[in-house]
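Protein chains in written order, with my numbering: chain Z, 1 to 140; chain G, 1 to 140; chain B, 1 to 140; chain C, 1 to 140.
Among the hints, erroneous ones may be present.
Think about it this way: if two alpha-carbon atoms lie no more than 27 Å apart in a straight line, the pair counts; the simulated DSS-like pairs of lysine-lysine are [as the list claims (entries may be wrong)]: (1) Z:105 / C:105; (2) Z:119 / Z:133; (3) C:133 / Z:105; (4) Z:67 / C:119; (5) C:83 / C:105; (6) C:83 / Z:105; (7) Z:83 / C:83; (8) B:119 / B:67; (9) G:83 / G:105; (10) Z:67 / C:67; (11) B:83 / B:119; (12) B:83 / B:105; (13) Z:119 / C:105; (14) Z:116 / C:105; (15) C:67 / C:105; (16) Z:83 / C:105; (17) C:67 / Z:83; (18) B:67 / G:116; (19) Z:83 / Z:105.
Derived Cβ-Cβ restraints for the label pairs, each shown as a range [claimed, not checked]: (20) B:121 / G:83: 54 to 64 Å; (21) G:39 / B:129: 30 to 40 Å; (22) B:67 / Z:102: 38 to 48 Å.
Calculated directly from the structure, the hints in this document are not laboratory data. The beta carbon of each residue, even a glycine, is placed where N, CA and C say it ideally should be.
4 protein chains.
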Amino acid sequence: MIFTSELPIRFAHCDPAGIVFYPRYFEMINGVVEDWCAQGLSASFHEMHMQRGIGLPTVHIETDFSKPAELGEILLAELSVVKLGGASVEIQILILGPQRDMRVKARLVLVMMDLKLRKAMAIPEILRVAMAKYSDVPAV
Amino acid sequence: MIFTSELPIRFAHCDPAGIVFYPRYFEMINGVVEDWCAQGLSASFHEMHMQRGIGLPTVHIETDFSKPAELGEILLAELSVVKLGGASVEIQILILGPQRDMRVKARLVLVMMDLKLRKAMAIPEILRVAMAKYSDVPAV
Amino acid sequence: MIFTSELPIRFAHCDPAGIVFYPRYFEMINGVVEDWCAQGLSASFHEMHMQRGIGLPTVHIETDFSKPAELGEILLAELSVVKLGGASVEIQILILGPQRDMRVKARLVLVMMDLKLRKAMAIPEILRVAMAKYSDVPAV
Amino acid sequence: MIFTSELPIRFAHCDPAGIVFYPRYFEMINGVVEDWCAQGLSASFHEMHMQRGIGLPTVHIETDFSKPAELGEILLAELSVVKLGGASVEIQILILGPQRDMRVKARLVLVMMDLKLRKAMAIPEILRVAMAKYSDVPAV
Numbered sequence: 001m002i003f004t005s006e007l008p009i010r011f012a013h014c015d016p017a018g019i020v021f022y023p024r025y026f027e028m029i030n031g032v033v034e035d036w037c038a039q040g041l042s043a044s045f046h047e048m049h050m051q052r053g054i055g056l057p058t059v060h061i062e063t064d065f066s067k068p069a070e071l072g073e074i075l076l077a078e079l080s081v082v083k084l085g086g087a088s089v090e091i092q093i094l095i096l097g098p099q100r101d102m103r104v105k106a107r108l109v110l111v112m113m114d115l116k117l118r119k120a121m122a123i124p125e126i127l128r129v130a131m132a133k134y135s136d137v138p139a140v
Numbered sequence: 001m002i003f004t005s006e007l008p009i010r011f012a013h014c015d016p017a018g019i020v021f022y023p024r025y026f027e028m029i030n031g032v033v034e035d036w037c038a039q040g041l042s043a044s045f046h047e048m049h050m051q052r053g054i055g056l057p058t059v060h061i062e063t064d065f066s067k068p069a070e071l072g073e074i075l076l077a078e079l080s081v082v083k084l085g086g087a088s089v090e091i092q093i094l095i096l097g098p099q100r101d102m103r104v105k106a107r108l109v110l111v112m113m114d115l116k117l118r119k120a121m122a123i124p125e126i127l128r129v130a131m132a133k134y135s136d137v138p139a140v
Numbered sequence: 001m002i003f004t005s006e007l008p009i010r011f012a013h014c015d016p017a018g019i020v021f022y023p024r025y026f027e028m029i030n031g032v033v034e035d036w037c038a039q040g041l042s043a044s045f046h047e048m049h050m051q052r053g054i055g056l057p058t059v060h061i062e063t064d065f066s067k068p069a070e071l072g073e074i075l076l077a078e079l080s081v082v083k084l085g086g087a088s089v090e091i092q093i094l095i096l097g098p099q100r101d102m103r104v105k106a107r108l109v110l111v112m113m114d115l116k117l118r119k120a121m122a123i124p125e126i127l128r129v130a131m132a133k134y135s136d137v138p139a140v
Numbered sequence: 001m002i003f004t005s006e007l008p009i010r011f012a013h014c015d016p017a018g019i020v021f022y023p024r025y026f027e028m029i030n031g032v033v034e035d036w037c038a039q040g041l042s043a044s045f046h047e048m049h050m051q052r053g054i055g056l057p058t059v060h061i062e063t064d065f066s067k068p069a070e071l072g073e074i075l076l077a078e079l080s081v082v083k084l085g086g087a088s089v090e091i092q093i094l095i096l097g098p099q100r101d102m103r104v105k106a107r108l109v110l111v112m113m114d115l116k117l118r119k120a121m122a123i124p125e126i127l128r129v130a131m132a133k134y135s136d137v138p139a140v
């Protein structure tokens, strides 16, 4: 399975060259992860942070910006799991244009954290099972 | 008519107190105006800025923050036209909680601009007619 | 006394028209208030939020955007106290260009809050005395 | 030579966990590159974009977030050139805590672009010479 999400390019995303200012992509990418947790894994950031005292911070991210995106375009994000570790999960997010042309390709490593102890912890089994459903996709 | 738009409160909006950091509301408010133009007035920011060389910048805004909003809430924005001038339009945006409880109340004055001349210009008739449809709502 | 702060206009602030995207001004304005608290009032946001459990949220703001600002300009912010109440303080922030030409004029009402109780509280005497030093300036 | 820049952690940077929200680091990183161009290379973004029609967009970035940063901390960014190509330059930005403890380590590839043609171009000689001064630092 792949988790998908639409990304309409807004005025707020664009720079004086009329294209997306790259730091805004990371807000979009974080939003995709947030929606994946809530909708794909049934564990919203609100529930994790506010009720369970856990979090899934990004400890590594690498990103290729292949082609600029313009105001008014509607991009598509596709998230899949690349590697599922004990306390961490590696995901890939592709951001594609209307012709499925690559705009941004990102790899992220997320770590399951106990927010009080500020320590990594094993991914809870129910979350691991949910994550695994997004993992049978060969990474590009 | 009222133009409405859903505003899910994301992690990116929230501050160390766990509530929306107020400058983020202005990005949301700008997004509501952007969607109103595209969907309500059939004149997207992209088309206005990139193709027609016109814009609708905000020259005045006043805002009351009545009650904080938290991560995970889904707010509702309601936009209506308060006053329609020759080159300007005054709008009201209410941001409401799930119980229709007021969170943010904003009044904005937008001015129709010729972007090349950097001068105010009369609102084109077709836009004025479209805007007027949102104006028969008594302001709160 | 007036509290002043330099505001260099960065790429991150600017929109496809090459001028400051107005929601970015509110981040700058919040930064000016933050610096005023830390440097002018000797009560940093960090100390207030993290150690004392108090905060100074903005409950009302009204803003006039008189003239656009461009990438590379260095603006000057001038903060003064307009009215000092029991639990609230009204301030004015002027953002001026290199010729002291008005770009943005903002009025804010800040309220002293007990963050745990989520209730307004009297401004502590030491803060009130510090704030009062910025109040003998006639508002524009 | 190393180009250095102070990064005070502001309220606007922090998330509900009280630490820097990672997309904000990319705004800081872009600001460091912007300051390096203006102060280190004597070629401001304003001059490049608005007057010369050239730009230096980021096409690749990889980042490790080693340790969180908190509201009120003052971090130090250190920029050095790792590799100087014909049309591109690879830089490293380290973001360090007050004890020179690593917080963020980033590698970026920037490409010299003709903004009108939307094509890569050779880095102008005067810029190349200026960049080379920051390159004799062994990458970590």
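Consistency of the hints with the structure:
| no. | hint | result |
| --- | --- | --- |
| 1 | Z:105 / C:105 | 20 Å, holds |
| 2 | Z:119 / Z:133 | 26 Å, holds |
| 3 | C:133 / Z:105 | 32 Å, violated |
| 4 | Z:67 / C:119 | 11 Å, holds |
| 5 | C:83 / C:105 | 16 Å, holds |
| 6 | C:83 / Z:105 | 23 Å, holds |
| 7 | Z:83 / C:83 | 31 Å, violated |
| 8 | B:119 / B:67 | 38 Å, violated |
| 9 | G:83 / G:105 | 16 Å, holds |
| 10 | Z:67 / C:67 | 31 Å, violated |
| 11 | B:83 / B:119 | 21 Å, holds |
| 12 | B:83 / B:105 | 16 Å, holds |
| 13 | Z:119 / C:105 | 20 Å, holds |
| 14 | Z:116 / C:105 | 25 Å, holds |
| 15 | C:67 / C:105 | 10 Å, holds |
| 16 | Z:83 / C:105 | 23 Å, holds |
| 17 | C:67 / Z:83 | 23 Å, holds |
| 18 | B:67 / G:116 | 15 Å, holds |
| 19 | Z:83 / Z:105 | 16 Å, holds |
| 20 | B:121 / G:83: 54 to 64 Å | 38 Å, violated |
| 21 | G:39 / B:129: 30 to 40 Å | 52 Å, violated |
| 22 | B:67 / Z:102: 38 to 48 Å | 41 Å, holds |
In summary, the numbered hints that this structure violates are 3, 7, 8, 10, 20, 21.
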